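Dock chain B with the ligand against the given chain A, drawing on the hints supplied.
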Amino acid sequence: MKSKLLKLKKEFQAELEGVVDLRSLVDLKNKFLSRKRGLLTVALKEISLLPVEERPEIGKLANKVKGFMEKELTLRQRKLEAEEEARRIKEAQIDITIPGRLPPMGGLHPIMLVKEKMEKIFLELGYTVEDGPDIETDYYNFVALNFPKDHPARDSQATFLIDEELLLRTQTSPVQVRVMEKREPPIRIIVPGRCFRRDWDITHTPNFFQMEGLVVDEGITLGDLKGTLEYFVRQLFGKKTKARFRPSFFPFTEPSADLDISCFHCGGKGCRLCKSSGWIEILGAGMVHPNVFKVVGYDPERYSGFAWGMGIDRVALILYQIEDARLFYENDLRFLQQFREII
Amino acid sequence: MKYSWNWLKTFIDIDIEPKGLADRLSMIGFGVESLIPSGSDYIFDVEITPNRGDCLSMLGLGREIAALLGKKMTLPLMTYNEIENKTDDLVQVKVEAPDLCPRYCGKVVKGVKIASSPDWLVEKLLAVGLRPINNVVDITNYVLAELGHPLHAFDLNSVMGLEIIIRRARAGERIRTIDGVERMLDSDMLIIADQHRPIAIAGVMGGVNSEITQKTTDIFIESAYFDPPSVRRTSKKLNLSSDASYRFERGTDPHALTKAIERTCHLIQKLCPCEVCDGVIDTNPQPLQPKKTWLRSSRVSSLLGVKVEKRRVEQLLTRLNFDIQRRDEDSWTVTIPSYRRDIEKEIDLIEEVARLYGYDQIPSTMPLWRGEDAGASDWVERERLIRRTMTAAGYYEVINYSFVDDNTDRLFRTEAEEAVRLQNPIAEQMGILRASLLPGMVANLAWNINRGIKNIKIFEIGKVYHLVKGIKRPEERKTLGITATGNFGERYWKDGKREFDFYDLKGVIEFLFHHFGWETLSFAPDNIDFYHPVRTALIRFGHRPIGHMGMLHPQICAQLEIPQNVYMAQLDLEPLLKAEASLVKFQPLPKFPAISRDISLLFDRGISFDVITRWINSLKEDIISEVKIYDLYHQGDNIPKDKVSISLNIQFRHPQRTLTLEEVARTQERLINLLKEKLNAEPR
Ligand SMILES: [Zn+2]
Chain A
1 MKSKLLKLKK
11 EFQAELEGVV
21 DLRSLVDLKN
31 KFLSRKRGLL
41 TVALKEISLL
51 PVEERPEIGK
61 LANKVKGFME
71 KELTLRQRKL
81 EAEEEARRIK
91 EAQIDITIPG
101 RLPPMGGLHP
111 IMLVKEKMEK
121 IFLELGYTVE
131 DGPDIETDYY
141 NFVALNFPKD
151 HPARDSQATF
161 LIDEELLLRT
171 QTSPVQVRVM
181 EKREPPIRII
191 VPGRCFRRDW
201 DITHTPNFFQ
211 MEGLVVDEGI
221 TLGDLKGTLE
231 YFVRQLFGKK
241 TKARFRPSFF
251 PFTEPSADLD
261 ISCFHCGGKG
271 CRLCKSSGWI
281 EILGAGMVHP
291 NVFKVVGYDP
301 ERYSGFAWGM
311 GIDRVALILY
321 QIEDARLFYE
331 NDLRFLQQFR
341 EII
Chain B
1001 MKYSWNWLKT
1011 FIDIDIEPKG
1021 LADRLSMIGF
1031 GVESLIPSGS
1041 DYIFDVEITP
1051 NRGDCLSMLG
1061 LGREIAALLG
1071 KKMTLPLMTY
1081 NEIENKTDDL
1091 VQVKVEAPDL
1101 CPRYCGKVVK
1111 GVKIASSPDW
1121 LVEKLLAVGL
1131 RPINNVVDIT
1141 NYVLAELGHP
1151 LHAFDLNSVM
1161 GLEIIIRRAR
1171 AGERIRTIDG
1181 VERMLDSDML
1191 IIADQHRPIA
1201 IAGVMGGVNS
1211 EITQKTTDIF
1221 IESAYFDPPS
1231 VRRTSKKLNL
1241 SSDASYRFER
1251 GTDPHALTKA
1261 IERTCHLIQK
1271 LCPCEVCDGV
1281 IDTNPQPLQP
1291 KKTWLRSSRV
1301 SSLLGVKVEK
1311 RRVEQLLTRL
1321 NFDIQRRDED
1331 SWTVTIPSYR
1341 RDIEKEIDLI
1351 EEVARLYGYD
1361 QIPSTMPLWR
1371 GEDAGASDWV
1381 ERERLIRRTM
1391 TAAGYYEVIN
1401 YSFVDDNTDR
1411 LFRTEAEEAV
1421 RLQNPIAEQM
1431 GILRASLLPG
1441 MVANLAWNIN
1451 RGIKNIKIFE
1461 IGKVYHLVKG
1471 IKRPEERKTL
1481 GITATGNFGE
1491 RYWKDGKREF
1501 DFYDLKGVIE
1511 FLFHHFGWET
1521 LSFAPDNIDF
1531 YHPVRTALIR
1541 FGHRPIGHMG
1551 MLHPQICAQL
1561 EIPQNVYMAQ
1571 LDLEPLLKAE
1581 ASLVKFQPLP
1591 KFPAISRDIS
1601 LLFDRGISFD
1611 VITRWINSLK
1621 EDIISEVKIY
1631 DLYHQGDNIP
1641 KDKVSISLNI
1651 QFRHPQRTLT
1661 LEEVARTQER
1671 LINLLKEKLN
1681 AEPR
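Chains as they are written, first to last, in this note's numbering: chain A, 1 to 343; chain B, 1001 to 1684.
If you're looking for bench data, these hints aren't it; they were derived computationally from the structure. Since we're looking at a predicted model, the values are computed, not measured. Among the clues, some could well be false.
Listed below are the simulated EDC-like cross-link pairs for lysine to aspartate or glutamate, each with C-alpha atoms no more than 20 Å apart in a straight line [stated by the list, open to error]:
{"#": "1", "chain 1": "B", "residue 1": "K1478", "chain 2": "A", "residue 2": "E116"}
{"#": "2", "chain 1": "A", "residue 1": "K182", "chain 2": "B", "residue 2": "E1123"}
{"#": "3", "chain 1": "A", "residue 1": "K242", "chain 2": "B", "residue 2": "D1360"}
{"#": "4", "chain 1": "B", "residue 1": "K1086", "chain 2": "B", "residue 2": "E1163"}
{"#": "5", "chain 1": "B", "residue 1": "K1494", "chain 2": "A", "residue 2": "D95"}
{"#": "6", "chain 1": "A", "residue 1": "K294", "chain 2": "B", "residue 2": "E1344"}
{"#": "7", "chain 1": "B", "residue 1": "K1009", "chain 2": "B", "residue 2": "E1123"}
{"#": "8", "chain 1": "B", "residue 1": "K1578", "chain 2": "A", "residue 2": "D299"}
{"#": "9", "chain 1": "A", "residue 1": "K149", "chain 2": "B", "residue 2": "E1123"}
{"#": "10", "chain 1": "B", "residue 1": "K1472", "chain 2": "A", "residue 2": "D163"}
{"#": "11", "chain 1": "A", "residue 1": "K294", "chain 2": "B", "residue 2": "E1163"}
{"#": "12", "chain 1": "A", "residue 1": "K117", "chain 2": "B", "residue 2": "E1346"}
{"#": "13", "chain 1": "A", "residue 1": "K275", "chain 2": "B", "residue 2": "E1047"}
{"#": "14", "chain 1": "B", "residue 1": "K1236", "chain 2": "A", "residue 2": "D199"}
{"#": "15", "chain 1": "A", "residue 1": "K269", "chain 2": "B", "residue 2": "E1123"}
{"#": "16", "chain 1": "B", "residue 1": "K1478", "chain 2": "A", "residue 2": "D199"}
{"#": "17", "chain 1": "B", "residue 1": "K1345", "chain 2": "A", "residue 2": "D299"}
Per the computed footprint, the stretches of chain A lying under chain B, defined by three or more beta-carbons under 8 Å from a beta-carbon of chain B, are [to be verified]:
{"#": "18", "region": "151-157"}
{"#": "19", "region": "198-205"}
{"#": "20", "region": "285-296"}
For every residue, glycine included, the Cβ atom is placed at its ideal position computed from N, Cα and C.
With the rest of the complex left out, here is chain A (with noise of 0.2 Å):
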């Protein structure tokens, strides 16, 4: 009985070696160990037909047998079932190098993009934005702004016209004077919006968008202007820029200073985008004249303020560093996906 034991035992340990899945390892505990027809299971219900003096040691031996079987193929289970569950996880390998499928993309229009940035700015500052009609009369584009009738500061903006009175603005300045007359001082507001010229090439398109911007007070001074739009220009394009402020003329402001800033692109040395100057004008400004002040009824004695104008469309060609203006109105999508920043 003795050695039926240990050659049982001996059979089970050959039998494992050979066991490599889940599957035979059920089979071999069933053969060995099913409650009915098991090989051990069998050879234990042997031993209550041996002399009672032998039981004692053989059914110690037949127990550790068994035990030792259990323990086995608990063990060999774990391992089998550690190296299924490795194999399950090394075949879910995917590429990663394909690219993800993006959530629907769409982005705002590249002069948007600009104007909400330099909206931005302004509101932190704590101006309003202001808004006025497209189709202007000559009275509000022109005449009240200081531009007499006949005179060539006329000339560079070419007007559309819609008949004799009416016409399309050439500038967003016309809400300066529209927000004067309907409200005292304190004043400071900006104004982007549409424009029209009736040109037409690689650097204009007939309509485009100006920010304009406003400040009214008692006691504005010209190095107010300049600090403003120093402070602008520094959020717009980076902390290192420069602004050069140089006379000019409009005739709705006086002084009048065509403002430059340092090239971002070269750093001042000279490139392309600044035409080797090292500097790139960026807009026209200057203190509110009086006559323009006596227009909406305001005492020049009393107030001062100073305005300023700028393309939007430009200063998106120069930030973008793009090369026709016309592109911004042919909307090809390879155009307009470019610009993805999120602001």
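The following block gives chain B with the ligand in isolation, referenced to the frame of chain A:
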């Protein structure tokens, strides 16, 4: 305008390099666009602003350079010999329109020999971009370039009746100008005439009939002051501008007329033997009193934001040839040089001080703010959010020109809409202001499709313009346009591909409104010509129609050569920019689970989902919490032609307890029976 370095140096001892001069000129208001070496000379191309007509000459810019460098100027030689014959014995001048010609001067030179100019003169003219013609004409052009005063030389023997009359043209009068073009004149135009005919258009161009030719021996030199707006109007009307008209428009110096004649005579005598007649005809020797104004030191400082010493103000203005006298402790009386037509008042003088003082010397400050806190108004923020919503939904923003072709725009206008027409469009196909955003946006789709991009979703926010009956000013309304074509989204592995359809468009509009908490959006069938007749809807916000949407009519699509279905919508943004956004009102979360049931039913083809939900609502079964459509078949497997299969998903829920399956089954049966009875539905 072009300036020659060597020519400028004949007036001023310039002790800096050309490049340095260019930089410093830019900083006092004369932007140097280019500086180009030319032989031993340098040519400056300088932008002269329209207020500084006085600088359109070597002398004019020279005065600025002298002020800049603190130098004195040497004026060119003006000496010549005269014979005894008097000019006014040879020719009479009569000004019939003194309002347009406040001063007219002239002088006769006899016995000139017309020839080509010597090399030095030709070189100087070419340097500043003038074309040499013959010695007399070249000298007048030389004086123009040098002193800035336009002159005209007439062939005296062509002046009929030896009388020069400055008058308005008569209707129907014509003149052939020296460029060879026959010009029709009108009674607003000032002309120079002899006793019989116009011989020049005043300040603009001379006539062929009196021009200097090889046969000319005696000349009459005109040096006049013409009213700037009048010259400008005439030049615009004739679409004819000249070096002379350019300067007259910008205002010349009425006091410099005789100087210009003297300089001319000096040069003519230098170039060829001739007889300069005695005296000058001058219709108004003292045309204007010198202009005076005042300037306050306190005002200079308060406007510039920097204290400028009184001595410095005096020094800077004196350099610019202003005569400045102390008036009291704070102020001066300032006499303005006659050529500075741009200076009238104190503010003009402050600008002069500022630009010579140097804008870069003025300290930068930030304005103090004593108003209320501002920031973005609601409509600005609303427009910004609408843009964000559209981009989040996968749409790209476009911006189109406000100008469109009337014929295309007409396709997208209703009978009632009338477009605003431009008097002077930039191109024929851009003749009107858009009455709709859609023609431009549909053109954007075509543009991209033609370039191989077939799946497109775009939006535009911009104004549309309409004539309104009885109101002079056309109406402008901020509008949102949406167009899409092609597949709904990008095609990815494991995903199906689906064509963009009506419901995608409707969904994005609903998305927009839900963002602002607006629940009163509704869609109703409509018949707008440019939409597919049975795939279009009128959009209402509350009870107010605010837009329309649908599929572009296949015929228009074909007419515009677009080979894909196009969906589009247009909404008036004005009410949306003003409408209050609704605050979110929190709903407590349900405490008991819902039971979900799917039902598929066959309905008649013309059924509407709206009618189905209305009948379901009429059951007043509180436990039906939601009815959704999850599938829709029109044709195909076992579905008769006149039927449509609709699959509904119904959620049953009771707020206070868990529902029993029996309750749900009972309600579901009531529902199906109702739909069978009322809508002829058949369960599948
Ligand atoms: Zn650069």
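Tested hints:
1. B:K1478 / A:E116: holds (17 Å)
2. A:K182 / B:E1123: violated (59 Å)
3. A:K242 / B:D1360: Holds, at roughly 12 Å.
4. B:K1086 / B:E1163: Holds, at roughly 15 Å.
5. B:K1494 / A:D95: holds (15 Å)
6. A:K294 / B:E1344: Holds. K294 (chain A) to E1344 (chain B) sits at ~16 Å (cutoff 20 Å).
7. B:K1009 / B:E1123: Judged against 20 Å, a Cα distance of about 16 Å means the pair holds.
8. B:K1578 / A:D299: Not OK: K1578 (chain B) and D299 (chain A) at ~34 Å, beyond 20 Å, violated.
9. A:K149 / B:E1123: Not OK: K149 (chain A) and E1123 (chain B) at ~39 Å, beyond 20 Å, violated.
10. B:K1472 / A:D163: At roughly 10 Å apart (the allowed maximum being 20 Å), D163 (chain A) and K1472 (chain B) satisfy the hint.
11. A:K294 / B:E1163: At roughly 47 Å apart (the allowed maximum being 20 Å), E1163 (chain B) and K294 (chain A) break the hint.
12. A:K117 / B:E1346: violated (38 Å)
13. A:K275 / B:E1047: holds (16 Å)
14. B:K1236 / A:D199: Distance ~17 Å between K1236 (chain B) and D199 (chain A) Cα, so the pair holds.
15. A:K269 / B:E1123: Violated: K269 (chain A) and E1123 (chain B) sit about 35 Å apart, past 20 Å.
16. B:K1478 / A:D199: Between K1478 (chain B) and D199 (chain A) the Cα gap is close to 25 Å, so the pair fails against 20 Å, i.e. violated.
17. B:K1345 / A:D299: holds (16 Å)
18. 151-157: holds (count 5)
19. 198-205: holds (count 3)
20. 285-296: holds (count 3)
The structure fails to meet hints 2, 8, 9, 11, 12, 15, 16 from the earlier list, while all remaining hints are met.
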